[in-house]
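Colleague: Residue numbers (the working numbering), protein chains in the order written: chain A, 36 to 290; chain B, -14 to 213.
These are computed hints drawn from the structure, not numbers from a lab.
There may be inaccurate statements among the hints.
Stated by the list, open to error - Distance condition first, Cα-Cα at most 27 Å in a straight line; then the derived BS3-like pairs of lysine-lysine:
1. A:K190 - B:K63
2. A:K279 - A:K234
3. A:K62 - A:K82
4. B:K7 - A:K153
5. B:K63 - B:K7
6. A:K205 - B:K(-10)
7. B:K7 - A:K190
8. A:K72 - B:K146
9. A:K205 - A:K190
10. A:K234 - A:K82
11. A:K153 - B:K63
12. B:K(-10) - A:K153
13. A:K62 - A:K234
14. A:K132 - A:K83
15. A:K132 - B:K63
16. B:K146 - A:K70
17. A:K70 - A:K102
18. A:K205 - B:K(-3)
19. A:K153 - B:K(-3)
20. A:K102 - A:K83
21. A:K153 - A:K102
22. A:K124 - B:K(-10)
23. A:K153 - A:K132
24. A:K205 - A:K70
25. B:K146 - A:K102
26. A:K62 - A:K124
27. B:K(-3) - A:K132
28. B:K63 - A:K102
29. A:K132 - B:K(-10)
30. A:K82 - A:K102
31. A:K62 - A:K102
32. A:K205 - B:K146
Said to hold, decoys possible - Covered by chain B, per the in silico footprint, the following chain A stretches (three or more residues, Cβ under 8 Å):
33. 98 to 112
34. 127 to 133
35. 145 to 156
Unchecked claim - Stretch-level coverage of chain B by chain A, calculated; a stretch enters the list once three of its residues show a Cβ under 8 Å from a Cβ in chain A:
36. 1 to 15
37. 143 to 155
38. 176 to 187
None of these values were measured; they are calculated from a predicted model.
For glycine and all other residues, C-beta sits at the position ideal for the given N, C-alpha and C.
Here's the letter readout for the chains.
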Amino acid sequence: MIEQIVELEKKEEKKDGPGAVPEIEVKGLSKYFGKRKVLDNISFELKKGGFLSLFGPNGAGKTTLVKIIATLIAPSDGSISVSGLDPAKDSAAIRSKIGLISHNPLLYLDLSAEENLKFYGTMYDVECLDQRIDELLERVELDHRRYDLVRTFSKGMTQRLAIARALLHKPSVLFLDEPHSGLDPHAVDIFEGLLDSIKEDHTFIMITHNIERGIALCSKAMILYNGQIVFYQDKDELDIKMFKSVYRQRVKGDY
Amino acid sequence: MSGGKQILAIIKKDIIAELRTKEMVISMLIFVILAMIIFSQAFNAAEKSLVEFGGGLLWVAFLFTSMLGLNRSFVHEKDEGCLEGLLMSPVDRPLIFFGKMLGNLIFLMVVEVIAIPIFLVLFGLNIGASLIGPFVAAILLGNIGISSVGTLLSTISINTKTRDLMLPILFLPIIIPLLIAAVGATGGIISGDREQLVSAYAAMRFMAVYDIIFLLVAYALYDFVIGE
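Model the full assembly from the supplied sequences, consistent with the hints where possible.
Modeller: Structure representation (structure tokens):
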């Protein structure tokens, strides 16, 4: 029994300890669009199960950073890795590990909930797809609306279906791009309940303007401004006064 | 990952959405029938010269009809960020091209299946039974070229602000060689003249080469085109 516990502890240490491969590693990342520098020498690491809340004014480079990690855009300089995979060689493998929940639902309005999930499930080559769809529709409390067109859904219902779509292929990394945008308080509760239930098994990067929610959920907080990191701290060491001061100075000043 | 399943899923998704909205095929159909009625009125349908003009009139109508469909083919993908959702999946980009291209080809052919008999009746043209096969082949070769070039270029134009203007600007100069060959091929087949048939078959060979080249170009470039 003791041997088993020691073995388990060793495994955990290997997974999360100092020698563990970070789930997301970004080194000296820069991105130019034409002559405009959108990201400037960004470096950070996120371990498996970590939750990074990413703050910053519009145009700070938050979405570009997420798109580069998701292999949708190539970096101009620097490197990234997701689960130790190199996007230059393994972009499809990286994309199969990533789920995206955005303020856009990424759902076809003229297809039903089930048709949308079947379509995306086929794109991701999900095994036992029908079973997985049943399970997820039940989890997001939409099984009674599975044959209805997404066009007829409320914003909250659409967002719940978007969560089911993002979790369909069992991603290990989830990107949340302003996921609370446009949700009513009840939908926010359901959304955060779902988030809580999957938090332990996933690594998150969340783009948000909501300080309270962003700080409450995160294990690390980052502020981007003009493509540069102007604040980056672990939540355990987070100096909330300093965070708010930097945020006010950089973000609110831009509004 | 098997590609056929993903291509079929894209085609099925586009067909289901179109069956529900009917916005693409209906507008294409109305346009092509109106164009044929106007052409038949503008030219005297009883004149013998219609055999010579027939191929040209047919392809002018089909070309502009196809542009109506191509302009709309990526609108559903762009709505609600679906294109981003599709690009986030691990599916190879060329498979997305082939799925969208085959969907566009099917919609164009559905319209043509209804429009061609109307065209033949309005213009009083008759294609001999032995020439129906080559006629269908010429139409198919033209459609494959239009759909492959059109899908590639509508992917580029969807990300521009003036996409309705951008597609014809990019599409028409590139499609002209195919269009000239298609007019020659269908015109020759409609005439039924042996000499013209020889040049019609030569034009069809050119169309086949054009189609292969542009399918290969799209396969090679699509990752870049649909990316940044």
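Colleague: Each of the hints needs a verdict: does it hold here or not?
Modeller: Right, here's what the structure says about each hint:
At most 27 Å may separate the alpha-carbon atoms for a hinted pair to count; K190 of chain A and K63 of chain B meet this at roughly 18 Å. Of the supplied pair hints, the one linking K279 of chain A and K234 of chain A holds, its CA atoms being roughly 25 Å apart against a limit of 27 Å. A C-alpha spacing of about 15 Å is found between K62 of chain A and K82 of chain A, which places the hinted pair at or below 27 Å, so the restraint holds. Among the hinted pairs, K7 of chain B with K153 of chain A is consistent with the structure: their alpha-carbon atoms are about 22 Å apart, no more than 27 Å.
For the hint pairing K63 of chain B with K7 of chain B, the CA-to-CA distance comes to about 18 Å; that is within 27 Å, so the pair holds. In summary, the hint linking K205 of chain A to K(-10) of chain B is supported, as the alpha carbons are separated by about 20 Å, within the 27 Å threshold. Our distance criterion of 27 Å between C-alpha atoms is met by K7 of chain B and K190 of chain A, whose separation comes to about 25 Å. In summary, the hint linking K72 of chain A to K146 of chain B is supported, as the alpha carbons are separated by about 23 Å, within the 27 Å threshold.
Annotation: proposed proximity of K205 of chain A to K190 of chain A holds, straight-line Cα distance about 24 Å (limit 27 Å). As the CA atoms of K234 of chain A and K82 of chain A are separated by approximately 13 Å, the hinted pair is consistent with the 27 Å bound. Among the hinted pairs, K153 of chain A with K63 of chain B is consistent with the structure: their alpha-carbon atoms are about 19 Å apart, no more than 27 Å. The suggested pairing of K(-10) of chain B with K153 of chain A holds, with an alpha-carbon distance near 12 Å, which does not exceed 27 Å.
Of the pairs offered as hints, the one joining K62 of chain A and K234 of chain A holds, with about 25 Å between alpha carbons and a cut-off of 27 Å not exceeded. At roughly 12 Å between alpha-carbon atoms, K132 of chain A and K83 of chain A fall within 27 Å of each other, so this suggested pair holds. Of the supplied pair hints, the one linking K132 of chain A and K63 of chain B holds, its CA atoms being roughly 23 Å apart against a limit of 27 Å. For a cut-off of 27 Å, the pair hint linking K146 of chain B to K70 of chain A stands: about 21 Å separates their Cα positions.
For the suggested pair K70 of chain A and K102 of chain A, the alpha carbons sit about 19 Å apart, so the restraint of at most 27 Å is met. The suggested pairing of K205 of chain A with K(-3) of chain B holds, with an alpha-carbon distance near 24 Å, which does not exceed 27 Å. The hinted pair formed by K153 of chain A and K(-3) of chain B meets the criterion: a straight-line CA distance of about 11 Å does not exceed 27 Å. Distance check on the hinted pair: K102 of chain A and K83 of chain A sit about 19 Å apart at the alpha-carbon level, within 27 Å; holds.
Our distance criterion of 27 Å between C-alpha atoms is met by K153 of chain A and K102 of chain A, whose separation comes to about 25 Å. A C-alpha spacing of about 24 Å is found between K124 of chain A and K(-10) of chain B, which places the hinted pair at or below 27 Å, so the restraint holds. Only pairs whose Cα atoms come within 27 Å are accepted, and K153 of chain A paired with K132 of chain A is accepted, the gap being roughly 18 Å. Under the criterion of a C-alpha separation no larger than 27 Å, the hint pairing K205 of chain A with K70 of chain A is inconsistent with the structure, at around 38 Å.
Taking the CA atoms of K146 of chain B and K102 of chain A, the gap is near 21 Å; set against the 27 Å cutoff, the hint holds. The hinted pair formed by K62 of chain A and K124 of chain A meets the criterion: a straight-line CA distance of about 17 Å does not exceed 27 Å. At roughly 26 Å between alpha-carbon atoms, K(-3) of chain B and K132 of chain A fall within 27 Å of each other, so this suggested pair holds. For the hint pairing K63 of chain B with K102 of chain A, the CA-to-CA distance comes to about 17 Å; that is within 27 Å, so the pair holds.
Of the pairs offered as hints, the one joining K132 of chain A and K(-10) of chain B holds, with about 20 Å between alpha carbons and a cut-off of 27 Å not exceeded. A distance of roughly 19 Å separates the Cα atoms of K82 of chain A and K102 of chain A; the hinted pair therefore holds under the 27 Å criterion. Proposed proximity of K62 of chain A and K102 of chain A is supported: the alpha carbons are some 15 Å apart, at most 27 Å. For a cut-off of 27 Å, the pair hint linking K205 of chain A to K146 of chain B is broken: about 36 Å separates their Cα positions.
Against chain B, the stretch 98 to 112 of chain A contributes 4 residues with a C-beta closer than 8 Å to a partner C-beta. That satisfies the three-residue criterion, and the hint holds. Coverage of a stretch by a chain is defined here by at least three residues with a beta carbon nearer than 8 Å to that chain's beta carbons; for the stretch 127 to 133 of chain A and chain B the count is 5, and the condition holds. Against chain B, the stretch 145 to 156 of chain A contributes 6 residues with a C-beta closer than 8 Å to a partner C-beta. That satisfies the three-residue criterion, and the hint holds. Closer than 8 Å: that is the beta-carbon criterion, and the stretch 1 to 15 of chain B has 4 residues meeting it against chain A, so the requirement of 3 holds.
Three residues within the 8 Å Cβ limit are the bar, and the stretch 143 to 155 of chain B against chain A gives 0, so the coverage statement is violated. Residues of the stretch 176 to 187 of chain B with a Cβ under 8 Å from some Cβ of chain A number 0, which does not satisfy the need for three, so the listed coverage is violated.
Hint violations for this structure: numbers 24, 32, 37, 38, all remaining hints satisfied.
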